[in-house]
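Generate the whole structure from the sequences, applying the supplied hints.
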Amino acid sequence: MAPIAVGNVLPDGKIFLFDEKDQLQTVSVHSLLAGKKVILFGVPGAFTSACSLQHVPSFIEKADQLKAKGINEIICYGMNDPYVMKAWGKTFPENKHVKFVSDGSGEYTKLLGLELDLKDKGLGIRTRRFAMLLDNLKVTVANIESGGEFTVSSAEDILKAL
Amino acid sequence: MAPIAVGDVVPDGSISFFDENDQLQTVSVHTLAAGKKVILFGVPGAFTPTCSMQHVPGFIEKAEELKSKGVDEIICFSVNDPFVMKAWGKSYPENKHVKFVADGSGEYTKLLGLELDLTAKGLGVRSRRFALLLDNLKVTVANVESGGEFTVSNADDILKAL
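From first to last, the protein sequence lines are chains A and B.
For the first sequence, the residue numbers in this note's numbering are 576 to 737.
For the second sequence, the residue numbers in this note's numbering are 331 to 492.
Treat the hints as calculated values from the structure; they're not laboratory data.
Mixed in with the good hints, there may be bad ones.
[Stated by the list, open to error] The following label-pair restraints were derived from C-beta to C-beta distances:
#	chain 1	residue 1	chain 2	residue 2	range
1	A	E595	B	H360	42 to 48 Å
2	A	P668	B	T449	19 to 25 Å
3	B	D487	A	N711	52 to 58 Å
Even glycine gets a Cβ: it sits at the ideal position worked out from N, Cα and C.
Below, the structure is given as structure tokens:
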């Protein structure tokens, strides 16, 4: 699959998350994001350095600002399972708005065309780091790193685009 | 592969973990366990309820007793990546002896014949819950659950066998 790009409609697929009642839910991406202005940002690995110390904190920090500019949801996405994503989310007690969802099956990342081979780090196939702005499922900004580096996919980069 | 059983020599294969200097190590199971009395216990998922609240704490609690009965190493094993296993291990500040290792690719679990399909829960293929006692790589006790239940694989069951 070619990588997702500006102008595309986000593909539909299933992802996993724990809801406010701590129940495991399997939801369709379209039902989660339709009709909303959403930031979807992807991380190669929960509990890894750049993801934990830079990428997620940048969105937690800028969440209020982003919401003030009309963003309805800020969603952190990774190929870790939903239990790991939930535990990782809890390590950010200051977080008020960022939701943590899981591509537990690895299928959705393929649909996005954003697979990253991290087998030699013991991580298997993961997602490339990215940040996308979606308007009713249409991709209006697609800042995709070539791998796990952190150059264009921060909250500041998305803020500039709003 | 048929499930590992008493009398078998534990297969060789690679697992990874972060060492005391926080360096990622990939080691062969045989190098890790040769010449030693080792408890290898497997969990379906880091940060999942039974694993986190019952299985691991049981071994942390009984670690001193197990060591006084001649056990050299107590190793917690799962199909999670090494970053997740490290973070999960750190969530047990009282832990002094249990090591957390990763079968990131799921390959070693296949060699043990202990795969558990948890795809429906967004976990992919994981390990069945188990506790093995190894004596210089030979399996002397094999308490293997049929899935993720927790009936025979706890620390007390291994203690009884020592």
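Comparing the hints with the structure gives:
Against the hinted window of 42 to 48 Å, the Cβ-Cβ separation of A/E595 and B/H360 comes to about 47 Å, which satisfies the hint. Range check, A/P668 to B/T449: about 32 Å between beta-carbon atoms, so the 19 to 25 Å window is missed. Taking the beta carbon of each, B/D487 and A/N711 are about 55 Å apart, inside 52 to 58 Å as hinted.
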